[in-house]
Amino acid sequence: MILDFILNFVLLIVGAIFSFLPIVSTLPTIGGFDIDSQMVLGMGYLNSFFTAFWPVAVMFQGFLVIMLYYALKMLLRFFLGHRAPGHT
Amino acid sequence: MKLTRFKVNSLALLALCVLFAGHAYASYDLSSFASSTYDGNGYNAIIYNSDGVSNFTAYLFVRNGDTLTPTVDSVCLPNNINNVGFTYANCSSGTGAGQLNDWEKVSDLGYIGSGDDSGNGNPAVHYGAAYGPATASSNYTDHRWYTCTDATYTNCSAATGFLANNANAWGVATADLCTFPGPFSAPYGIADFYGPCGTAPPPVKCSSGDTRICDFTPEDGATTTSPVTFTLKAYISPNDVGNGYDVKLTLHNIDQNVLLLGALSPSDIFLIGTRIGGGQSTTTGGVFNFSTTTFIGDGNYRLNAVMEQDLLDGFLKNPFGPSSNQSHQFVVGQPTFIGNISQNLFNDIFGANGSASSSATSTTALLAGCNLLGNFNIVNCMSGLFVPDAAQTQDLIDNFKQGVATHVPWGYVTRLYAIMTSTTTTALPTFTASVPVSRGDQTLQYTTLTFDPGEMLAAGAEDLNSVQDPINHQTAHDVFYPMVAGSVALMVILTIAADVMGSHRHHTE
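Sequence order for the protein chains is A and B. Each residue of the first sequence is one higher than the last, beginning at 1 in the numbering used here. Each residue of the second sequence is one higher than the last, beginning at 1 in the numbering used here.
Mixed in with the good hints there might be a few duds.
To be verified - Straight-line C-alpha distance at most 25 Å; calculated SDA-like pairs for lysine to any residue:
no.	chain 1	residue 1	chain 2	residue 2
1	B	248	B	228
2	B	233	B	243
3	B	401	A	54
4	B	401	B	326
5	B	233	B	326
6	B	401	A	75
7	B	248	B	327
8	B	233	B	215
9	B	401	A	63
10	B	401	A	29
11	B	401	A	51
12	B	401	A	49
13	B	401	A	16
Claimed, not checked - Just a few of them, taken from the derived set where beta-carbon distance is under 10 Å, the chain B residues facing chain A:
no.	residue
14	239
15	341
16	454
17	462
18	464
19	465
20	492
Said to hold, decoys possible - Listed next, the stretches of chain A that the computed footprint assigns to chain B, with coverage defined by at least 3 CB atoms under 8 Å from CB atoms of chain B:
no.	segment
21	12 to 23
22	35 to 46
23	49 to 59
Since the hints were made in silico from the structure, they are not lab data. Since the structure is predicted, the reported quantities are computational estimates derived from the model, not experimental observations. Ideal Cβ positions, reconstructed from N, Cα and C, are used throughout, including at glycine.
The following block holds chain A by itself, in its conformation from the complex:
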């Protein structure tokens, strides 16, 4: 209850700040290149490949987990700013 209250309160403040920024529904188009539709198409092809060859799908899932880990690290560094270790 107490932790939930604190988290909700923090989320309320953070959400209020970001509520002024636009909502992202698709990735942007740069120079006429629609990144979103191309990535959706590419992942569709990959998924077709994965349905046939499951070992590749397992490796891809492992790759995603590692990428998620690095993304979380970047997020922490974003909030820590110049105090983040390894920041030069």
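Model the placement of chain B on the given structure of chain A, informed by the hints.
Okay, now just chain B, sitting in the frame of chain A:
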């Protein structure tokens, strides 16, 4: 420096674990009990003390034998059950008299049923709900009642109780049944009422007990559309006839009632505000119903119902008189981020004392362990105070997604993640090629060849996945999947561990 880097990497690892652990909980909603259809396995039974003193109300259940033929949406009690002080339904006597309506509420139960009925083609153990002041002649020692955690009745759990010769023990919960909070009868010695873990007790019946607000709608946690019908049901005990009681139903729009926009928020809407019975004092007891319908815009709302006893013709409120003050939170149309958070905060503050929404029930149940005069349990108490339950955690995640993760700049990461984890497949494009074919007369002709990678992949996969070993008849997938998955998982763990420890870097400091 090394230590700080270790901390940051560990935090990232911890956050990763939390993300993956977020769905490890399960919770159940008693709304699944609102209707029942016979599936061949039986119905649910819930019995509970409806006023905390002497009245018991049951939602009936029977897990019957083949000789019983309950119709859909009916609940029957087993045939040939010895019964004490209770007029029970007997399906074999025919439709109507022998049936109880779907989840019919039976008041003031004496006894429902149990006993060995195997001689009549029924199971040896009857699955009913039972309680009451059984007479001295009754001697039942194997009472069982079942509750199920899903609407399809596939996950049921049993609690075995004993009620012999007017004995007063009740129930031993299995691991899948949890104690529902609330006062239970000292006269009858009911220590606990058990039900599916994570759910709330059924509502208390209105027509008995103390003077109070029985219920009001929209229900807590409901999502509805405009126009909205608001109802309130209050009960005046015969002991309180002659006193004056006010009921008030107030609607708050909680989208604007927070942060800087509070000053611009619309005034609260008084939906119902009246003296029960119309006069200075009530002349009769019983149930009083109020209702109104109004159009309201989309958003998050909080509905507050208050009943107070008047003194001096309403000039004063009796602080010691019977009163009710409850709140429901609901959504009309589309919720808002701020509205959702506001509702969560309200639940956190008021959920502990039971005056707020039932969505905090799990936490409330745990907090019952903080009562030094009750069933004090330090572990439950601390868990209730500090650990968000499954519903709260899910709310947090949903609100984070809605309010933060979809906005710039995080929205790009969220969208990228959604694309990468999508399971939608797209047919691979086919290729065509014109191949010159030389004939004997030296003229060239072109033949068009079509390559379909999808067919090629399917054929390759067929070879890969259909070959079986001759002894165990396992496919390549069966044999190698655990090895591949295990190897990949190990590599992922080692990669992250190496990064956390910084073991692959050369440190110069």
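Now the hints, each set against the structure:
1. 248(B) with 228(B): holds, 17 Å
2. 233(B) with 243(B): holds, 18 Å
3. 401(B) with 54(A): This hinted pair is violated, its Cα atoms lying about 30 Å apart.
4. 401(B) with 326(B): Violated, at about 30 Å.
5. 233(B) with 326(B): With Cα atoms ~12 Å apart, residue 233(B) and residue 326(B) stay inside 25 Å; holds.
6. 401(B) with 75(A): Roughly 15 Å separates the two Cα atoms, so the pair holds.
7. 248(B) with 327(B): Holds, at roughly 12 Å.
8. 233(B) with 215(B): holds, 5 Å
9. 401(B) with 63(A): Holds - the C-alpha atoms of residue 63(A) and residue 401(B) are around 23 Å apart, at most 25 Å.
10. 401(B) with 29(A): holds, 23 Å
11. 401(B) with 51(A): The hint is violated at about 29 Å.
12. 401(B) with 49(A): With a Cα-Cα distance of about 30 Å, the restraint between residue 401(B) and residue 49(A) is violated, given a limit of 25 Å.
13. 401(B) with 16(A): holds, 13 Å
14. 239: violated, 36 Å
15. 341: holds, 4 Å
16. 454: holds, 7 Å
17. 462: holds, 9 Å
18. 464: holds, 7 Å
19. 465: Check passed: Cβ of residue 465(B) comes within 8 Å of chain A, closer than 10 Å.
20. 492: Where the cut-off is 10 Å and the nearest Cβ of chain A is about 5 Å from residue 492(B), the hint holds.
21. 12 to 23: Check passed, 9 qualifying residues.
22. 35 to 46: holds (count 7)
23. 49 to 59: Since 8 is at least three, the answer is holds.
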